[in-house]
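Asks: Starting from two chains that each stand alone, build the complex the way the hints lay out.
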Amino acid sequence: MTESLFRIVQDPISVEEVTNQVSRKEAGAITLFIGTVREFTKGKKTLSLEYQAYEPMAVKMLNQIGEEIKNRWPDAWVAITHRIGKLEISDVAVVIAVSSPHRKTAYRANEYAIERIKQIVPIWKKEFWENGTMWIGDQLEITEYPEGKPVMEE
Amino acid sequence: MITVLFFAGIREEMGLDELKIVEKNDMTVHQLKQYLQNKYNLSSFSQVMTAINESFVTDEEVIKDQDIIAFIPPVSGG
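For the record, the sequence lines run as chains A and B.
In terms of the working numbering, the first sequence opens at residue 670 and continues consecutively.
In terms of the working numbering, the second sequence opens at residue 32 and continues consecutively.
Chain B on its own, in the form it takes in the complex (with noise of 0.2 Å):
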């Protein structure tokens, strides 16, 4: 199973703060960004950075169990 956190936009187009995956391992982030795009009808990831477990990853990193994904859009702290 894998944890994806959404935030900011994503997270009002998803209706969800975070999403369980079971059987979902062994894809890339792109692979996972392609499902959801599909399933959820999400508009674009073009410009989202992606976190596992805390540090940016690109979009070829291999998904394990028990990952938890954050899909990052662009950041506007401070």
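Bound-form chain A, shown alone (with noise of 0.2 Å):
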């Protein structure tokens, strides 16, 4: 394989090519998860998304999760790619393929996937609103910082 199975780029990512990095013939499923930028949250009209995010150790992350799957789930492959920069409506901003010999695995596995990201990769989200501007403060989208400080939830 030539290209990394965990990587963060910058143009648009290709759902296919991701796709094919997990593809075997062992593999009798393959799940996506593909994440895209959402125009409203909570009420509020997204424009466009920055992603920033601290490359070398979001990859180094990335990969961690990779072997916590290898770990769990021994027969499963995993491939994710992460875009990072400016970022529309409706772009693809990760997509997460795992293929395994039986669907349960896949499915699992690529949730499990996601749910560690938005906990222990760096990367962070700010939102571009009509109004303003807001770095997103977890995961869980509950904790917002206006230039950096914590505020209390709206």
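Since the hints were derived computationally from the structure, they do not count as laboratory data.
Hints may contain errors.
[Stated by the list, open to error] Okay, derived cross-link-like pairs now, SDA-like style, lysine to any residue, Cα gap no bigger than 25 Å in a straight line: (1) A:K729 with B:T59; (2) A:K773 with A:I703; (3) A:K787 with B:D48; (4) A:K755 with B:V88; (5) A:K729 with B:M80; (6) B:K51 with A:V728; (7) A:K729 with B:N84; (8) B:K95 with A:P725; (9) A:K755 with B:E44; (10) B:K51 with A:I699; (11) A:K729 with B:L47; (12) A:K739 with B:V88; (13) A:K795 with B:S75; (14) A:K795 with B:K95; (15) B:K70 with B:M32; (16) A:K713 with B:E43; (17) A:K787 with B:I83; (18) A:K787 with B:K70; (19) A:K729 with B:K70; (20) A:K795 with B:D48; (21) A:K739 with A:E685; (22) A:K729 with B:Q68; (23) B:K95 with A:K711; (24) A:K795 with B:L67; (25) A:K795 with B:S86; (26) A:K773 with B:K64; (27) A:K711 with A:T802; (28) B:K64 with B:S86; (29) B:K64 with A:Q721; (30) A:K739 with A:I682; (31) A:K795 with B:Q68; (32) A:K755 with B:D57; (33) A:K714 with B:L50; (34) A:K787 with B:M32; (35) A:K795 with B:L50; (36) B:K64 with A:E724; (37) A:K713 with A:N800; (38) A:K729 with A:K694; (39) A:K729 with B:L50.
Replies: Pasting the structure below:
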């Protein structure tokens, strides 16, 4: 395999390319998670997003998630590509592909991967609205930080 | 010398991507946070995790010469 299984990229992600990274003849299932840019969050209209990453550590943490999955589901193969930079509504921000001989492993390992990304991978998103911007505070999208300062939830 | 990296909201608050600090060896992460908070009047480090050389560490970790320290606000990828 020429391309790394765990990547941070600036350009649009090819879902097919990520899928092909886990495709193999032993697989009976491939699950895909495609994370896209949502227009409305809690009633607020997002115009665009900017993702920022601490790239070397983000790649390292994606690899760690790969290791965790290998330990939990030894017959799963996983590939993850996350895009950073400026993204528009409906753009693909992340693609996770998992293949396994049987479907349950592929479903479970895939959900595990996205949950872990939201916990340990140093990537942040900034939302741009008509009347301002905000770095989103955590993976649950509950805590927001205007200019870095914690505030109460609206 | 140590290198300190800032991201997301803290980066905007600092107005800096990174900071080189000379002669600040042998202090803990907690001490570095206090030093930066006082010097740059930063809001809060309370929910901010820290990585040294790309691995998460606790506030008690001692910083060594040449370390790269990154402050990681709660992440929001995916």
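Asks: Each of the hints needs a verdict: does it hold here or not?
Replies: We went through each hint and held it up to the structure:
For the hint pairing K729 (chain A) with T59 (chain B), the CA-to-CA distance comes to about 24 Å; that is within 25 Å, so the pair holds. Restraint check for K773 (chain A) and I703 (chain A): the C-alpha separation of about 18 Å stays at or below 25 Å, so the hint holds. Of the supplied pair hints, the one linking K787 (chain A) and D48 (chain B) holds, its CA atoms being roughly 23 Å apart against a limit of 25 Å. A distance of roughly 30 Å separates the Cα atoms of K755 (chain A) and V88 (chain B); the hinted pair therefore is violated under the 25 Å criterion.
Taken as a hint, the K729 (chain A) and M80 (chain B) pair is honoured in the structure, with Cα atoms around 16 Å apart against an allowance of 25 Å. Between the alpha carbons of K51 (chain B) and V728 (chain A) the distance comes to roughly 24 Å, so the proposed pair stays at or under 25 Å and holds. This hinted pair checks out: K729 (chain A) and N84 (chain B) have alpha carbons roughly 11 Å apart, not beyond 25 Å. Restraint check for K95 (chain B) and P725 (chain A): satisfied, since their Cα atoms lie roughly 20 Å apart, inside the 25 Å limit.
The hinted pair formed by K755 (chain A) and E44 (chain B) meets the criterion: a straight-line CA distance of about 20 Å does not exceed 25 Å. For the given pair, K51 (chain B) sits about 46 Å from I699 (chain A) by alpha-carbon distance, which is inconsistent with the 25 Å threshold. In summary, the hint linking K729 (chain A) to L47 (chain B) is supported, as the alpha carbons are separated by about 24 Å, within the 25 Å threshold. Under the criterion of a C-alpha separation no larger than 25 Å, the hint pairing K739 (chain A) with V88 (chain B) is consistent with the structure, at around 24 Å.
Between K795 (chain A) and S75 (chain B) the CA atoms are separated by roughly 19 Å; this keeps the pair inside 25 Å, and the hint holds. Restraint check for K795 (chain A) and K95 (chain B): not satisfied, since their Cα atoms lie roughly 32 Å apart, outside the 25 Å limit. Between K70 (chain B) and M32 (chain B) the alpha-carbon distance is near 18 Å, which keeps this suggested pair within the 25 Å criterion. Simply put, K713 (chain A) and E43 (chain B) have alpha-carbon atoms about 23 Å apart, close enough for the 25 Å limit, and the pair holds.
In summary, the hint linking K787 (chain A) to I83 (chain B) is supported, as the alpha carbons are separated by about 20 Å, within the 25 Å threshold. About 31 Å separates the Cα atoms of K787 (chain A) and K70 (chain B), which puts this hinted pair outside 25 Å; it is violated. Straight-line distance between C-alpha atoms of K729 (chain A) and K70 (chain B) comes to about 32 Å, which puts the hinted pair past the 25 Å bound. For the proposed pair K795 (chain A) and D48 (chain B), the alpha carbon gap of about 16 Å is at most 25 Å, so the pair holds.
Restraint check for K739 (chain A) and E685 (chain A): the C-alpha separation of about 22 Å stays at or below 25 Å, so the hint holds. A hinted pair counts as satisfied when its Cα atoms are at most 25 Å apart, and K729 (chain A) with Q68 (chain B) does not qualify at roughly 28 Å. Annotation: proposed proximity of K95 (chain B) to K711 (chain A) is violated, straight-line Cα distance about 44 Å (limit 25 Å). Restraint check for K795 (chain A) and L67 (chain B): the C-alpha separation of about 24 Å stays at or below 25 Å, so the hint holds.
Taking the CA atoms of K795 (chain A) and S86 (chain B), the gap is about 24 Å. The hint holds against a cut of 25 Å. Using a Cα cut-off of 25 Å, the hinted pair K773 (chain A) and K64 (chain B) is violated, with the two alpha carbons roughly 44 Å apart. Between K711 (chain A) and T802 (chain A) the alpha-carbon distance is near 15 Å, which keeps this suggested pair within the 25 Å criterion. As the CA atoms of K64 (chain B) and S86 (chain B) are separated by approximately 17 Å, the hinted pair is consistent with the 25 Å bound.
The suggested pairing of K64 (chain B) with Q721 (chain A) holds, with an alpha-carbon distance near 22 Å, which does not exceed 25 Å. Straight-line distance between C-alpha atoms of K739 (chain A) and I682 (chain A) comes to about 24 Å, which keeps the hinted pair within the 25 Å bound. Taking the CA atoms of K795 (chain A) and Q68 (chain B), the gap is near 23 Å; set against the 25 Å cutoff, the hint holds. Between the alpha carbons of K755 (chain A) and D57 (chain B) the distance comes to roughly 39 Å, so the proposed pair goes past 25 Å and is violated.
Between K714 (chain A) and L50 (chain B), the direct Cα distance comes to roughly 35 Å. Violation of the 25 Å bound is thereby established for this hinted pair. A hinted pair counts as satisfied when its Cα atoms are at most 25 Å apart, and K787 (chain A) with M32 (chain B) does not qualify at roughly 32 Å. Of the supplied pair hints, the one linking K795 (chain A) and L50 (chain B) holds, its CA atoms being roughly 22 Å apart against a limit of 25 Å. Pair hint K64 (chain B) plus E724 (chain A) holds up; C-alpha atoms about 22 Å apart against a cutoff of 25 Å.
Taking the CA atoms of K713 (chain A) and N800 (chain A), the gap is near 10 Å; set against the 25 Å cutoff, the hint holds. In summary, the hint linking K729 (chain A) to K694 (chain A) is not supported, as the alpha carbons are separated by about 28 Å, beyond the 25 Å threshold. About 23 Å separates the Cα atoms of K729 (chain A) and L50 (chain B), which keeps this hinted pair within 25 Å; it holds.
Comparing the model with each numbered hint stated earlier shows that hints 4, 10, 14, 18, 19, 22, 23, 26, 32, 33, 34 and 38 do not hold.
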